[in-house]
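**Student:** Once you've looked at the hints, dock chain B against the given chain A.
In the order they appear, the protein sequences are chains A and B.
Just so it is clear: in the first sequence, position 370 is 387 by the working numbering, and no numbers are missing.
Just so it is clear: in the second sequence, position 298 is 1576 by the working numbering, and no numbers are missing.
Hints listed in this document are in silico derivations from the structure and should not be mistaken for laboratory results.
Small disclaimer: the values here were computed from a predicted structure and weren't measured.
We put the beta carbon where it would ideally sit given N, CA and C, even for glycine.
Where hints are given, some of them may not hold.
Derived pair list, reagent style DSS-like, types lysine-lysine, alpha-carbon separation capped at 25 Å [claimed, not checked]:
(1) K564(A) with K1595(B)
(2) K564(A) with K452(A)
(3) K564(A) with K1437(B)
(4) K1668(B) with K127(A)
(5) K563(A) with K452(A)
(6) K1595(B) with K563(A)
(7) K176(A) with K1390(B)
(8) K1338(B) with K1437(B)
(9) K563(A) with K577(A)
(10) K44(A) with K176(A)
(11) K1387(B) with K1437(B)
(12) K1744(B) with K1595(B)
(13) K563(A) with K1437(B)
(14) K1437(B) with K1744(B)
(15) K176(A) with K1744(B)
(16) K1668(B) with K1744(B)
(17) K44(A) with K1475(B)
(18) K1390(B) with K1437(B)
(19) K127(A) with K45(A)
(20) K1668(B) with K176(A)
(21) K577(A) with K1595(B)
(22) K1595(B) with K1437(B)
(23) K1595(B) with K1668(B)
(24) K577(A) with K564(A)
(25) K127(A) with K176(A)
(26) K1475(B) with K45(A)
So these bits of chain B aren't anywhere near chain A, every CB distance computed over 12 Å [to be verified]:
(27) L1447
(28) I1461
(29) T1719
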Amino acid sequence: MGNSITILFVTLLIPIVSAGIAFSIQKKYSWLSPIIGAILTLSAAIIVLFPLFSDTQLITQYSIPWLSIGDTTVSIGILSTPVTRLMAAVVLFVSAMVHIFSIGYMANDKNTDRYFGFLGLFTFAMLGLVYSTNLLITFCFWELIGFCSYRLIAHLQEKPAAARAATKAFLLTKTGDIGFLIGVLILWTQNGTLELSTITATGIWSTVAGVCILLGVVGKSAQFPLFNWLPDAMQGPTPVSALIHAATLVAAGIFILVQLVPVFTPTTLWIMTGIGIVSALMGAIGAWLATDIKKILAYSTISQLGFMVLALGLGEVTGAFTHLLHHALFKAGLFLAAGSIIHAMHQATFQAEINVQDIRNLGGLRKQMPFTFIGFAICAAALAGIPGTSGYLSKEMILTAVHQKNIWWIEFAVWVIVFTTPLYIFRLFWFAFLKPVIRTFSVQEAPWIMRLPVLLIAAGSITFLFQNGHPASFATQILHTAFEVPPSIIIISAVVTGISLLTAWLSRNLSARTSDYIIQRFLDYVNLQIARLVAFIAELTTLFDKKWIDRSIHAVAYSKITLAHISGWADRNVVDGSVQGVLWITRGLGNATRSVVNGKIQSYLLWAMAGLLIFILWMFY
Amino acid sequence: MPYLSLLIFIPIVTALVALLIPGRYTRVFSWLTLGVNMLQAIIFVIMGFTANGGLQLLEKHSWISVSLSNWGHLQADYLVAVDGLSYPLVGLSVVIMLIATFSSWSISKSRKGYFILLLVLNGAIIGSFCALDFLLFYVFFEFMLLPMFFLIGIWGGPKREYASIKFFLYTLLGSILILIVMIGLYLSVQSPESSDKLVHTFNVLHMQNPENFIPGSWFDAASSGSWRLWAFILLFIGFAIKLPAVPFHTWLPDAHVEAPTAISVILAALLLKIGGYGILRFVYPIFPDGAIYFSDWVAGVGVVSILYGALNALASKDLKRLIAYSSVSHMGFVLLGIASATTEGIAGAVYQMVSHGIISAMLFLIAGVLYDRTQDRMIENYSGLASQMKHYTAFVLIAFFASLGLPGFAGFIGEVLIFFGAFQSHTYNNLIPLWMPVVATVGLLLGAAYFLWTIQRMFFGPFSIKANHAELNDLTAREYAMLLPLAILALLFGILPQILLNYINPFAETFTGMWFSLGINQNP
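Next up, chain A with everything else stripped away, as it sits in the complex (with noise of 0.2 Å):
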């Protein structure tokens, strides 16, 4: 066991410990769970960029039989290479960012306990997914994000909206679930085996597989038809969209594809390219017609990881990856700004019956909120590719690869959604930063402990590193990723940005009127109408059950009944008439026959006995 994989270890075990500690803590003492949980989790985020550091280049893992059976093992273990330390550090800077947070964010909560154990709980699963060896193994955790997601979701149970909320989630990631272990099993008859390292898929199987496992990515990933879960899961708590958004469930999806889309087959890939294209475009629109602060940077989340699949399906597995990291880091920033504004709103417009996540309700935060206009500024203008952010730096990356492609098509649609994603996170600046104030409320700057993750996250969204005199992120740093940008595409991508944000500022007040979203509302209607569908088939079965399947079962019972009776009846007429001997038995057995008139065990037995009776007579003559 190296070095690094016992660090990896380590950070492993860090979050589920905190979760112990947050369930286990007595109450009186539960205010101390949040600190525990973030000291913690701050901890592991720091330790694991040792192994990030020193051993950039190294692949190595561990692991060790977990299940074996048959011909079959199924083994536990760690996989450290450096897309896994990285998405590691991410996933565990932004818990580690959303934690502190939360501390501000949750002070007035009284369930802090099982909030903090359960994102402690999603931060080990999650970890665990990442460093899995095994693409079992990667069920299970993606399984158990699943769960805590929803738990987390429903956090506010009494609210009958996030109850709804949680439960639709899980029925819709569910549904990809199953997607994803019909093509995990169908992998495993075609290798005998599910190491990572070793899956390799030929002919209609691995198309059939990898369709499937597609499926479990569009259902985890919230891309187009199952991504209605996501808008509505904003009723969790904003921290936890937070890491729901950036860093977690949704990005276990892209994060496998990342690992498995060297088994694809072209077809896979261009269905994968397909979902893409569609998702972004659909969540930009949705982003651009929400009205709820959430709900934007909900859609936007559909729209960024639509344009990582179409990455993936184009084969830009770098470009998809770094992206999915800077987007983590500045999809949290976005979000936890907004649960500043949130916040504070609530506190400002205490009496007030206003909707604070409504952004016609806001405006003039700016002066207000200067470090979070700060903060959501940056991670603003990562996502809309400008200059100088990280997001400029990935979006470029896949860029190239379309045009390398040189579809028409693809490329006319990504500069589509190069048009439309700083056409929409500009409109939610300027309702929530800029635009004049309507009403005012005093309101308060986020206290430091929510303020320090916000500035944090933002600053590693962007670019001070330089590589090659290349500007570098982060995460492109590590990757040691050399990519040439054309200077077509550079100025191409200016271009469009600039008309973008131009549209943006040209039509910002006109952007207020719409709110409704038909393909949202389409695929509701869908989802209830199969639910409905369900629930009728349900009934029938029900109706079956009751009617037939046990009426038959009471027919029989009462025709033997009758049997009974008649044979009562023959004994006491046709065979008392008999010889005196025989007489005196059957009326023996006409009394016992006759009392079966009220109970069915006996004259079932009788019944019983006589057939069995028959047959060992029969068998025998």
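**Tutor:** Frame of chain A; chain B shown alone:
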């Protein structure tokens, strides 16, 4: 030491002794039962020191030995032993009976009769799992039904008489079918132990060897016009009723709804396992040709049970009925695993039985906790329980998610192994078409749907209940003592599956190896 005989007869002898104690000493009976359970647990732990997956702790005594002139010699033995199939189930029985005693602690109606019947049931269940002589098994099997009939019929809910008679009729029908095949088998099998004269035997191990069949007899595989396929059907239905598989399942919801909590727990956790156990011990090994012939039917019944049970659970308005139908769905997986006849599938089926034993016990205890407080099981009458009963809700979440197959709990291991087997069967022995396990995965989704919907309706949202004079206290110490060990077991077997698989694997390998040794075409 005759450990198995001790396990079987300590409760039965204690029951006989308890008959002599006057019924007015009501406390004595529960303590006596608890003592027996503890003793059994100690014996089981001692057994565990030397246990492995092979056939072991064999005890053999001649029981009935009658010469029947020209019909040959009737030979029935007291033959008990455990192997990788029965050992985990015996362990499960010991744990569940202990918890059932705890759960029965506050029974008020004629405690003497109740606990005596519980003890008889205890011995009969463990006896059924250990017996390797068909006649002995049958005796224990029948001995199980009567206590169960009275326990539901006397200590049950309002419709207890209907439920208990229905339970009795169904299982009696199963018994008759088993009896018919047993007699046929008895007449067809001769003991290889005595070569000079014809000795008919009930020994199951002899029945599993086709060489022991008398040429030209009813169930001789070699002779044409054999009745073996019919025997397979009868025996299979006999145990499928117990499992229960659709369409022989309608006794289960009624019996569960009316039975007191402890009896529901035993019924779900142990009695259903006799069905799966019987198929693995008797039906498949004795009639492997039938098993191959009907493999897609067996798998089909399994898949239908999975989906049909899940759909019915989805439509259930009564919490206990929902859990009962979820049992039907989960036991369908057992059939699917058995039908695959692969090492993974068979091991998965056994694993699923153990995990379902643990998890369904938890589920019924949970339903019982609520019923004890409000006398109301209707899902629609509750809302927002999570805010009132925090610890209870935590256990509900554990049990529900364990049951819907969340990794980390035992249920997942069983299901995933079954799916391994069922998917592999397509390329490995071609017994199950690939679409069947694919369709069965929908059952996982439905399982998530009914449990999550129940949580959403009963536990989340604003608090309200319809029941009058309800005092909703959180879990008592006794309820904790019942639920916590089960939760720990479900987690333990989910995180470290190899502890259990070390016992199950040798059985599964012997079981599948048997097909090769029979020369039955394994890979067409």
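**Student:** Next step is simple, just say for each hint if it's right about the structure.
**Tutor:** Here is what the structure says about each hint:
1. Straight-line distance between C-alpha atoms of K564(A) and K1595(B) comes to about 17 Å, which keeps the hinted pair within the 25 Å bound.
2. Taking the CA atoms of K564(A) and K452(A), the gap is about 65 Å. The hint is violated against a cut of 25 Å.
3. A hinted pair counts as satisfied when its Cα atoms are at most 25 Å apart, and K564(A) with K1437(B) qualifies at roughly 18 Å.
4. About 12 Å separates the Cα atoms of K1668(B) and K127(A), which keeps this hinted pair within 25 Å; it holds.
5. At most 25 Å may separate the alpha-carbon atoms for a hinted pair to count; K563(A) and K452(A) exceed this at roughly 64 Å.
6. Straight-line distance between C-alpha atoms of K1595(B) and K563(A) comes to about 14 Å, which keeps the hinted pair within the 25 Å bound.
7. Note on K176(A) and K1390(B): the hinted pairing is violated, with a Cα-Cα distance of about 48 Å set against a maximum of 25 Å.
8. Restraint check for K1338(B) and K1437(B): the C-alpha separation of about 44 Å exceeds 25 Å, so the hint is violated.
9. Straight-line distance between C-alpha atoms of K563(A) and K577(A) comes to about 20 Å, which keeps the hinted pair within the 25 Å bound.
10. Distance check on the hinted pair: K44(A) and K176(A) sit about 23 Å apart at the alpha-carbon level, within 25 Å; holds.
11. At roughly 17 Å between alpha-carbon atoms, K1387(B) and K1437(B) fall within 25 Å of each other, so this suggested pair holds.
12. Taken as a hint, the K1744(B) and K1595(B) pair is honoured in the structure, with Cα atoms around 14 Å apart against an allowance of 25 Å.
13. Of the supplied pair hints, the one linking K563(A) and K1437(B) holds, its CA atoms being roughly 16 Å apart against a limit of 25 Å.
14. Between K1437(B) and K1744(B), the direct Cα distance comes to roughly 22 Å. Compliance with the 25 Å bound is thereby established for this hinted pair.
15. Of the pairs offered as hints, the one joining K176(A) and K1744(B) holds, with about 20 Å between alpha carbons and a cut-off of 25 Å not exceeded.
16. Of the pairs offered as hints, the one joining K1668(B) and K1744(B) holds, with about 19 Å between alpha carbons and a cut-off of 25 Å not exceeded.
17. Our distance criterion of 25 Å between C-alpha atoms is broken by K44(A) and K1475(B), whose separation comes to about 77 Å.
18. Among the hinted pairs, K1390(B) with K1437(B) is consistent with the structure: their alpha-carbon atoms are about 23 Å apart, no more than 25 Å.
19. About 12 Å separates the Cα atoms of K127(A) and K45(A), which keeps this hinted pair within 25 Å; it holds.
20. Taken as a hint, the K1668(B) and K176(A) pair is honoured in the structure, with Cα atoms around 16 Å apart against an allowance of 25 Å.
21. About 32 Å separates the Cα atoms of K577(A) and K1595(B), which puts this hinted pair outside 25 Å; it is violated.
22. This hinted pair checks out: K1595(B) and K1437(B) have alpha carbons roughly 17 Å apart, not beyond 25 Å.
23. With a CA separation close to 23 Å, the supplied pair K1595(B) and K1668(B) stays within the 25 Å bound.
24. Between the alpha carbons of K577(A) and K564(A) the distance comes to roughly 19 Å, so the proposed pair stays at or under 25 Å and holds.
25. Between K127(A) and K176(A) the CA atoms are separated by roughly 15 Å; this keeps the pair inside 25 Å, and the hint holds.
26. Simply put, K1475(B) and K45(A) have alpha-carbon atoms about 80 Å apart, too far for the 25 Å limit, and the pair is violated.
27. Under the 12 Å C-beta cut-off, the non-interface status given to L1447(B) relative to chain A is violated; the minimum distance is some 6 Å.
28. Its beta-carbon lying about 7 Å from the closest one in chain A, I1461(B) breaks the requirement of being farther than 12 Å from that chain.
29. Listed as outside the interface, T1719(B) is inconsistent with that label: its C-beta sits roughly 5 Å from the nearest C-beta of chain A, within the 12 Å cut-off.
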